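Peer 1: Here is how the chains run, residue by residue.
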Amino acid sequence: NAGVTQTPKFRVLKTGQSMTLLCAQDMNHEYMYWYRQDPGMGLRLIHYSVGEGTTAKGEVPDGYNVSRLKKQNFLLGLESAAPSQTSVYFCASSYSIGRDTEAFFGQGTRLTVV
Amino acid sequence: QKEVEQDPGPLSVPEGAIVSLNCTYSNSAFQYFMWYRQYSRKGPELLMYTYSSGNKEDGRFTAQVDKSSKYISLFIRDSQPSDSATYLCAMSAPGNNRKLIWGLGTSLAVNP
Chain A
42 NAGVTQTPKF
52 RVLKTGQSMT
62 LLCAQDMNHE
72 YMYWYRQDPG
82 MGLRLIHYSV
92 GEGTTAKGEV
102 PDGYNVSRLK
112 KQNFLLGLES
122 AAPSQTSVYF
132 CASSYSIGRD
142 TEAFFGQGTR
152 LTVV
Chain B
5 QKEVEQDPGP
15 LSVPEGAIVS
25 LNCTYSNSAF
35 QYFMWYRQYS
45 RKGPELLMYT
55 YSSGNKEDGR
65 FTAQVDKSSK
75 YISLFIRDSQ
85 PSDSATYLCA
95 MSAPGNNRKL
105 IWGLGTSLAV
115 NP
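Chains as they are written, first to last, in the numbering used here: chain A, 42 to 155; chain B, 5 to 116.
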């Protein structure tokens, strides 16, 4: 009964390095989301996906790319990390339109860019 | 002006107190209203969900929506130390891929 699993849980990157955050859900949800959470800024949507093979930009997409090659996985990539991308990243998933809008969240990835 | 406003607190109350948490919003199209609870270093989890106006009760928790005032509330009765967390309101409108618009969250501490 895993729900939404994020990998890794912690990471320290040097400026300019790249990395990929993996999100996996086992609830057969259509919708998946990547958020970042910063003090005083709340949860901000980076990118989201309404189904396998689709992605769309959220509120703060710059500097990030995503892919949804399989329905259960949603990857968030940082091509060239910057200190401004130091944050806690949350993945979430939810049912498709017409169903409850409850979003289930992962435990978060704490990323520090030095 | 943000679409959703929420006082970040912090709010500190004694155990057993009634807690009132609030959010205001500006978009009259919002129909779905949610309260999420987030413990320290954890992801948010859904606490209460309300569609349109009215009240909803679940144990010690009551959610209220006043669409005429664009104001939602979460009441916690007989608050417990285990209720210490950040409470985030979220809302969405029909269509728009059901994207949630979030408040900043209110930090609550319930003291034994």
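These are computed hints drawn from the structure, not numbers from a lab.
Note that this is a predicted model, so its numbers are computed, not measured.
All C-beta atoms in this analysis are idealised placements derived from N, C-alpha and C, irrespective of residue type, glycine included.
Hints may be right or wrong, so weigh each one.
[Stated by the list, open to error] Here are some chain B residues the structure puts well away from chain A; computed CB gaps all over 10 Å:
1. ALA21
2. THR28
3. ASN31
4. GLY47
5. GLU49
6. ASN59
7. LYS60
8. ASP62
9. GLY63
10. ARG81
11. VAL114
12. ASN115
[To be verified] Calculated lysine-lysine pairs in the DSSO-like style (CA-CA distance at most 27 Å, straight line):
13. A/LYS50 with B/LYS103
14. A/LYS112 with B/LYS60
15. A/LYS111 with B/LYS103
16. B/LYS71 with B/LYS60
17. A/LYS55 with A/LYS98
18. B/LYS46 with B/LYS60
19. B/LYS46 with A/LYS111
20. A/LYS50 with B/LYS60
21. A/LYS98 with B/LYS46
22. B/LYS103 with B/LYS60
23. A/LYS112 with B/LYS103
Peer 1: Using Cβ atoms and 10 Å as the threshold, tell me whether B/ASN31 really stays out of contact range of chain A.
Peer 2: It holds; B/ASN31 is separated from chain A by about 15 Å at its closest Cβ, greater than 10 Å.
Peer 1: Should the label of B/LYS60 as a non-interface residue stand, given a Cβ cut-off of 10 Å to chain A?
Peer 2: About 13 Å separates B/LYS60 from the closest Cβ of chain A, which puts it past 10 Å; holds.
Peer 1: Is it the case that B/GLU49 keeps its Cβ farther than 10 Å from each residue Cβ in chain A?
Peer 2: It is violated; B/GLU49 is separated from chain A by about 7 Å at its closest Cβ, not greater than 10 Å.
Peer 1: Mind checking the alpha carbons of A/LYS112 and B/LYS60 for me, to see if they're no more than 27 Å apart?
Peer 2: The given pair, whose Cα atoms are some 33 Å apart, is violated under the 27 Å limit.
Peer 1: Is the hinted pair A/LYS112 and B/LYS103 satisfied, with a Cα-Cα distance of at most 27 Å?
Peer 2: OK: A/LYS112 and B/LYS103 at ~19 Å, within 27 Å.
Peer 1: Taking the minimum C-beta separation from B/VAL114 to chain A, is that value above 10 Å?
Peer 2: holds (22 Å)
Peer 1: For B/ARG81, is the shortest beta carbon distance to chain A beyond 10 Å?
Peer 2: Holds: least Cβ distance 23 Å, greater than 10 Å.
Peer 1: Are all C-beta atoms of chain A more than 10 Å from that of B/ALA21?
Peer 2: holds (25 Å)
Peer 1: Quick one, are B/LYS46 and A/LYS111 close enough, alpha carbons at most 27 Å?
Peer 2: Satisfied, since the Cα-Cα distance of roughly 26 Å is no more than 27 Å.
Peer 1: With 10 Å as the threshold, tell me whether B/GLY63 passes as away from chain A on beta-carbon distances.
Peer 2: holds (18 Å)
Peer 1: Holds or violated: are the alpha carbons of B/LYS103 and B/LYS60 at most 27 Å from each other?
Peer 2: holds (22 Å)
Peer 1: Need the status of pair B/LYS46, B/LYS60: alpha-carbon distance at most 27 Å?
Peer 2: holds (25 Å)
Violated hints, in rising order: 4, 5, 14, 20; the structure is consistent with all others.
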